[in-house]
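Novice: Chain residues, written in single-letter form:
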Amino acid sequence: MKQQILAIVTGSLLVFCQAGASDDRLLTDAHIHYSHDAWELIPPAKAVEILRAAGLKKAFVSSSSDEGTQKLYAEAPELIVPVLRPYRKRGELATWMHDATVIEMLTVLVSENRYAGIGEFHAFGDDMELPVLQGIIELAKQNALFLHAHSDADAIRRIFHHNPEAVVLWAHSGFDEPEVIAEMLATYPNLWADLAFRSDHVSGDEIDADWLKLFSEWPRRILLGTDTYTPERWYYVEDHAAMSRKWLALLPVNIAENIAWKNADELLRVSGFLK
Amino acid sequence: MKCRVFKNLGFSLGFAIFGMSIILADDYTESEFSFLEGAGPWPPQIALDPVNRFMGNPKVIELGEYLFREKRLSRSGAVSCATCHDPENFYTDGLSLSVGVSDTRRNSPTVVNTTFQRWFGWDGSSDSLWSQSMRPILSEVEMNSDGAVLRGLYEDDDDFRLAFTEILSKAPETVDDEGIMVFTSKALASYQHTLISERSAFDRYRFAVINNTPIDRAEFPLEATAGAKLFFGSAKCALCHLGALFTNNEFASIGLPHIDNHGKVDKGRFSGITAVLSSPYNRLGAFSDDDSNQQSARTQYLRQRHDSFGEFKVPSLRGVVNTAPYMHDGSMLSLRDVVVHYSTINLDRIHSNGESLLKPLNLTESQISSLVAFLETL
Chain Z
262 MKQQILAIVT
272 GSLLVFCQAG
282 ASDDRLLTDA
292 HIHYSHDAWE
302 LIPPAKAVEI
312 LRAAGLKKAF
322 VSSSSDEGTQ
332 KLYAEAPELI
342 VPVLRPYRKR
352 GELATWMHDA
362 TVIEMLTVLV
372 SENRYAGIGE
382 FHAFGDDMEL
392 PVLQGIIELA
402 KQNALFLHAH
412 SDADAIRRIF
422 HHNPEAVVLW
432 AHSGFDEPEV
442 IAEMLATYPN
452 LWADLAFRSD
462 HVSGDEIDAD
472 WLKLFSEWPR
482 RILLGTDTYT
492 PERWYYVEDH
502 AAMSRKWLAL
512 LPVNIAENIA
522 WKNADELLRV
532 SGFLK
Chain G
153 MKCRVFKNLG
163 FSLGFAIFGM
173 SIILADDYTE
183 SEFSFLEGAG
193 PWPPQIALDP
203 VNRFMGNPKV
213 IELGEYLFRE
223 KRLSRSGAVS
233 CATCHDPENF
243 YTDGLSLSVG
253 VSDTRRNSPT
263 VVNTTFQRWF
273 GWDGSSDSLW
283 SQSMRPILSE
293 VEMNSDGAVL
303 RGLYEDDDDF
313 RLAFTEILSK
323 APETVDDEGI
333 MVFTSKALAS
343 YQHTLISERS
353 AFDRYRFAVI
363 NNTPIDRAEF
373 PLEATAGAKL
383 FFGSAKCALC
393 HLGALFTNNE
403 FASIGLPHID
413 NHGKVDKGRF
423 SGITAVLSSP
433 YNRLGAFSDD
443 DSNQQSARTQ
453 YLRQRHDSFG
463 EFKVPSLRGV
473 VNTAPYMHDG
483 SMLSLRDVVV
493 HYSTINLDRI
503 HSNGESLLKP
513 LNLTESQISS
523 LVAFLETL
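Protein chains in written order, with this note's numbering: chain Z, 262 to 536; chain G, 153 to 530.
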């Protein structure tokens, strides 16, 4: 029965699909890092050139340390959406949450610079109960910032438990299954999910049925992302954009446009970065 | 937990001569033993590949060997397959980055045992040995050649003309350039198909352990046994380097930089997938001799993935002591360098949802030496 319904829904949606990939479709990439080794390899002007060549409308950028984000934001403020990463340098993924000085560092930076969010940070399960994570949830609340969390579903639930009004971008959609993502999106109206480093939603010229169902049910809550976690992956931004345009073209126009960039704008409006 | 203890004559003698530490050396847990047992027998069954109808044909193999050493395959007349795959050097060149008609961006792997592979080249840009054999012929930096250059070889050299005519029952003038290129590649592959390494010290050790026969400690010292236990056990090397070929025949990121010697990114498997899917010479193409396409599913269902970017072949470790320098860019000069890399691996360069098997091994100097000693027996 479930399959029959899906088939009907899918059949209806496909009627409105686009004829082919649009090479110039605007995209917003919500998962870019520009850490110290990246800016050493790719100076800010070159980095912005890459983002523009990929046809990006906006790029959510965070870095370890924050200096990289500031360099890029200064280079192209209309393109870069600055996000504050709580890491001083790469290599703190598993230790940062135990560093009590992190909150002080973030507080100073938030007072000095303009940000849309805090993240991407890595925290799982009851990590969210640690003082540093609690401090971040509070800092985001006080400064109208979204949280970009590389977390499991449990940790996301804990964020909303502590602040039901929080705005959260769920990195990699938690590497969870579409059913779980749908359940989370249904439960938390201020939750968005990015697709960075995920390939399971599309295979060749076909979108997976479960993912298609998710995109159809939650067309306003999914974002794109590359995840430039090594400097070399900056040279993947264009490839990623091209691949994204190709599979987005398989979706109904309005859903594709939402995922491509409109959902990112909506997230920024809800969190207060865009007026 | 040690589940099984495998005793043999060598073990007993070792106990008598060297003392208690040797008793532990040949103890394998059930899991370790399973991996060790799976690393053979050697050689595996050597199957012909139906996409190349010439495989196994003695005349083609002989022609392929001559072609392999023939510099006139290259446009300049200065580079042969053997330039980078020297038969006197385990079919490698010993260089970090190979040099064809100009500098290349990658290390030349050996072509010994290459016939057992599923994908060919560091990025897997070919799905058969014959199409891989064509790739360097056409490469601008390797041989910079084409069918017209190859035609000259068959038309101008009586020996090559004779071999060509005998095998195909027609003169080279009656075959177009592309057909000549495909035939040459299949002949080269037919020769490389015969390049199988001999049984190694490890193979004899494995046989002894499995069959309770004496271990020759002169060729498989206790230090190598300690390395084997690490390799098949706690170091988890065998999770990727498994089976008789010591590889899963796939691709992985192990955190290596992949900006090449020209300052450009090497996309690795990502570009390899693009290349193999778009190649007219892949297993699905018109030049395959396998009309049934029964062994082409792996190409048919191959798809690009985001984690393919920056991945490179998990190489076979057979004969690895002979193939330095190591890695796609030849950046590691010795087996010790390779082991140290895994001991101190930088997880920052590996996606947290990527190669979850990889963690710094934090090996002691003794453990590093043991792993190297083991690798030297392969």
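Calculated directly from the structure, the hints in this document are not laboratory data. Be careful, since some hints might not be right.
With a cut-off of at most 25 Å between alpha-carbon atoms, the simulated DSS-like pairs for lysine-lysine come out as follows [to be verified]:
| id | chain 1 | residue 1 | chain 2 | residue 2 |
| --- | --- | --- | --- | --- |
| 1 | G | Lys-388 | Z | Lys-307 |
| 2 | Z | Lys-332 | G | Lys-416 |
| 3 | Z | Lys-523 | Z | Lys-507 |
| 4 | G | Lys-419 | Z | Lys-507 |
Novice: Hints numbered earlier in the text: which of these fail when held up against the supplied structure?
Specialist: Those not satisfied come down to hint 1.
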